[in-house]
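Enquirer: For chain A, the structure is supplied; the task is to place chain S on it using the hints.
There are 2 protein chains.
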Amino acid sequence: MEALNTLKVIDIGIDTYHEPVVYMRSDCHICRSEGFTANSRVAVDYGENQIVATINVVDEKVFEPGNAGLSKIAMQRLGVAEGASISVSHAPVVTSLAAVRKKIFGHKLNDEEVTEIVQDISDHRYSDIEIASFLSVCAGSRLDVDEIIALTQAMVACGKRLSWPDSPMVLDKHCIGGLPGNRTTPLVVAIVSTAGLTIPKTSSRAITSPAGTADTMEALTTVNLSLADIQRVVAETHGCLAWGGAVNLSPADDLLIRIERALDLDGEGQLIASVLSKKIAAGSTHAVIDIPVGPTAKVRSQKEAERLTSLFTQVGAACGIQIRCLITDGSQPVGRGVGPVEEARDVLAVLQGGNDAPEDLRERALFLAAHLFSLAFQERYEQGLERAKDILDSGAAWTQFQRILTAQGGIKSLPSADFQHTETATSTGTLQAIDNRQLARLAKLAGAPNVAAAGLRLHKRVGDKVERGEPLFTLLSDTEGELQYALAYYRQANIFTIGVVS
Amino acid sequence: MEALNTLKVIDIGIDTYHEPVVYMRSDCHICRSEGFTANSRVAVDYGENQIVATINVVDEKVFEPGNAGLSKIAMQRLGVAEGASISVSHAPVVTSLAAVRKKIFGHKLNDEEVTEIVQDISDHRYSDIEIASFLSVCAGSRLDVDEIIALTQAMVACGKRLSWPDSPMVLDKHCIGGLPGNRTTPLVVAIVSTAGLTIPKTSSRAITSPAGTADTMEALTTVNLSLADIQRVVAETHGCLAWGGAVNLSPADDLLIRIERALDLDGEGQLIASVLSKKIAAGSTHAVIDIPVGPTAKVRSQKEAERLTSLFTQVGAACGIQIRCLITDGSQPVGRGVGPVEEARDVLAVLQGGNDAPEDLRERALFLAAHLFSLAFQERYEQGLERAKDILDSGAAWTQFQRILTAQGGIKSLPSADFQHTETATSTGTLQAIDNRQLARLAKLAGAPNVAAAGLRLHKRVGDKVERGEPLFTLLSDTEGELQYALAYYRQANIFTIGVVS
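As given, the protein sequences belong to chains A and S, one line each in that order.
Take -11 as the starting number for the first sequence in the numbering used here and just add one per residue.
Take -11 as the starting number for the second sequence in the numbering used here and just add one per residue.
Excised from the complex, chain A in its bound form (with noise of 0.2 Å):
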């Protein structure tokens, strides 16, 4: 029975992201014999490889009889290429359903049930509608701590670990996000490593921001280090700022986060475990959590902010990170810049300490390095405020910047965007208000993150002056094309709010 389940590789050319999909011919005997049609989730195997795949019908004229096609993800996990002979057939029962049935009803899951659900995930064995049902049902806080805890060790459990035996301390920070700008990781590693702290930093790119800390730092140097790289740049610095993708922490977080993101769900369990899986995969002891509130931020109200600290605390506890929280203003963005460049240029400007660097962003890198120097040193908060500012006013901590840069692999200068065009008030009075959301769709419309130049500077921040016909803000970008788009869609939206002068 099993050389009749055997079909030929074509590479159909098609990238279904992170389903895997084989194409397969509605007159083929596999199909019939079986009894699979279109979405038919089945096992393909390759040699000692097997991946559970979704069918896709196709037409005779697609490709000859006795063969399959292979979408870029599904010959990529198979490790497979055109012409090789591949199998395929029932895709095995995937008994962790029943504990998301389990789920579903409203029950209770124990440790084991949410280890072997996340195991299955990592796996590649849930199909996408799947993993939809399990966000679903444990979003809207229908996880309690426990089931958290048991998440977050069951992320950590199925992805690759840092360890830092020269380091008894490791130190991390995270934001929450949601507010433009506030690129204040660069900062705060630069400072917190000056003082022979260890800080081995890593970051996503931007998912739905027009920048992830990442994007900023991939203007500025390489990022793609791996884990032999990460362990190198921290042995010289104490300090390092790497893209997190390229070294697997928490590869079932990946694979949830992309689903949560198309269903717009910010599940507060799902996102605890996924900040803490990874701070706890990279190896640290210590972390502050930044939760910026706001009305247009991602938490937006005091109450909120306040039972995601009592969550994080608990859940860090019981899986040995001491974790401080730090609910931040989160009315507006944070620094001038919008995009990875000009993101950059206000990084630069802080650690430069020149006269166009935006204090707020000062501010707020000063505040978090100075929690982390107090939970590292046992000392109170001010004694940590003033270490920091020592470290950023005397010129060390933009020695230490461009140490860690070097280290990753050099310094870049940063390009400017072809087009550019700043948009000026149409009314006098005082700005009250900015909204974050809009203001970062505005800077992907004019191509950021994928242009790393692309973006906007914001010229006025809430609470300023403003008069009739004064620049808000200068939108960057590298075609006129998308320059045009993003003005369409400014002029129907209502970023900025200007009070008129009575």
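Be aware that one or more of the hints could be misleading.
If several chains are the same, the list does not tell them apart, and a pair holds so long as it fits within one copy or across any two.
[Said to hold, decoys possible] Straight-line Cα separation of at most 30 Å, BS3-like style, residue types lysine-lysine; simulated pairs:
(1) Lys400 to Lys453
(2) Lys96 to Lys148
(3) Lys286 to Lys448
(4) Lys96 to Lys286
(5) Lys49 to Lys(-4)
(6) Lys377 to Lys448
(7) Lys286 to Lys453
(8) Lys400 to Lys49
(9) Lys377 to Lys400
(10) Lys148 to Lys286
Because the hints were derived from the structure by calculation, they are not lab data.
Expert: Below, chain S alone, put in the same frame as chain A:
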């Protein structure tokens, strides 16, 4: 800007089932300027028509720049042919997803929210993962009676609706399912319509079972009837036995069921709305619902059956349809045949009153018909049963059945399977149990329902004495390969439990 978004259609020959896919080159100017990547959701416009589709990115080798491939369902829903010009832009925001999030967070939905969700699903605005999310948070008894009523009415509102101005009373029946065989519908329709009552029955094809009523009826006559055909047949005979899929009675439900099956979710609210919306859309005023209860049936406990009964009755009353639920024995198959043709043989045997007619199928059909008579004529069940028996035993139902088949397009003769194998008992004793689910799977592996003549015929029922070497069942298939494959499954399954005589 508009003209820039235009691409020429390529029929790429891929069947992606219900989810439309647009295939775009990674270097396509639209992908670049709009920031589309693999899995982005986009709007595709052709003239007045618009669909929402998912992007799969393709290599340069697949087609030339300036083109976009469309999957079959995408071409069909846009009504477009190869070479036509389409435009691709950002998918519109689906506002009802806010209501889905409200449900995720455990809040009750009001009528407007449910209506908006169902309308958007019916308009194909939801991706598969969004439907999965909605279904998951509604399953597990998370919809209350008000929400189920709203869901039922919303499903009716977005489909076609039949009306029977000449019939103040329109009857219907439904079985919750889970038992192989149990093909009572053709018998009930024949008996009830003989009495002059209107019963315009539309049925589904098999989704996960070895045969649906529409599959069995298709072995006997034409079932793919238009609305006009159904009205003509009912005008002539008071009854019909048509496939419901051609008349689009509940398009939202068809989209939901597909994902429900893939997730193996049986949300009770969804089940009730699905069944009742189709009854109401078909114009029914009175219906009986058969709820078989057994350890391997769909409903496994008396308590669950009673809860369903209560919900069905309440929701029916609110939607203006009188429902009588009947809790029946679901411990084993009903009838001897499993698979479209074999079940048709049982139906004909009962109608013709032959010696080989399965008594259990005859009794189940008389029971259901008697309850419909009791509802329609407001008479006691015993009176209804006498009436039903008279009609069946006199041969009137058989005459009526032939009239319906003739009106639908003629009577087909039943085909025979090319390969068969009779399996015998390996021990002597009493047949104590038959596993419904595994038996259904055995029939499907033999080729049912795609191959109408495939399936099996049982030679023993629960309670029968079995001698070692006596026939248990005959397996029927169109290919030797499928027959062997099914037998290999049978040998590792545990379908028949024979209690040894002590």
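Enquirer: Look at each hint and say if it fits the structure.
Expert: Status of each hint after checking the structure:
{"no.": "1", "hint": "Lys400 to Lys453", "verdict": "neither (37 Å within a copy, 85 Å between copies)"}
{"no.": "2", "hint": "Lys96 to Lys148", "verdict": "within (28 Å within a copy, 42 Å between copies)"}
{"no.": "3", "hint": "Lys286 to Lys448", "verdict": "within (22 Å within a copy, 64 Å between copies)"}
{"no.": "4", "hint": "Lys96 to Lys286", "verdict": "both (27 Å within a copy, 24 Å between copies)"}
{"no.": "5", "hint": "Lys49 to Lys(-4)", "verdict": "both (16 Å within a copy, 19 Å between copies)"}
{"no.": "6", "hint": "Lys377 to Lys448", "verdict": "within (26 Å within a copy, 87 Å between copies)"}
{"no.": "7", "hint": "Lys286 to Lys453", "verdict": "within (27 Å within a copy, 68 Å between copies)"}
{"no.": "8", "hint": "Lys400 to Lys49", "verdict": "neither (49 Å within a copy, 34 Å between copies)"}
{"no.": "9", "hint": "Lys377 to Lys400", "verdict": "within (27 Å within a copy, 91 Å between copies)"}
{"no.": "10", "hint": "Lys148 to Lys286", "verdict": "within (29 Å within a copy, 42 Å between copies)"}
Violation of the numbered hints given earlier is confined to hints 1 and 8; the remaining hints are satisfied by the structure.
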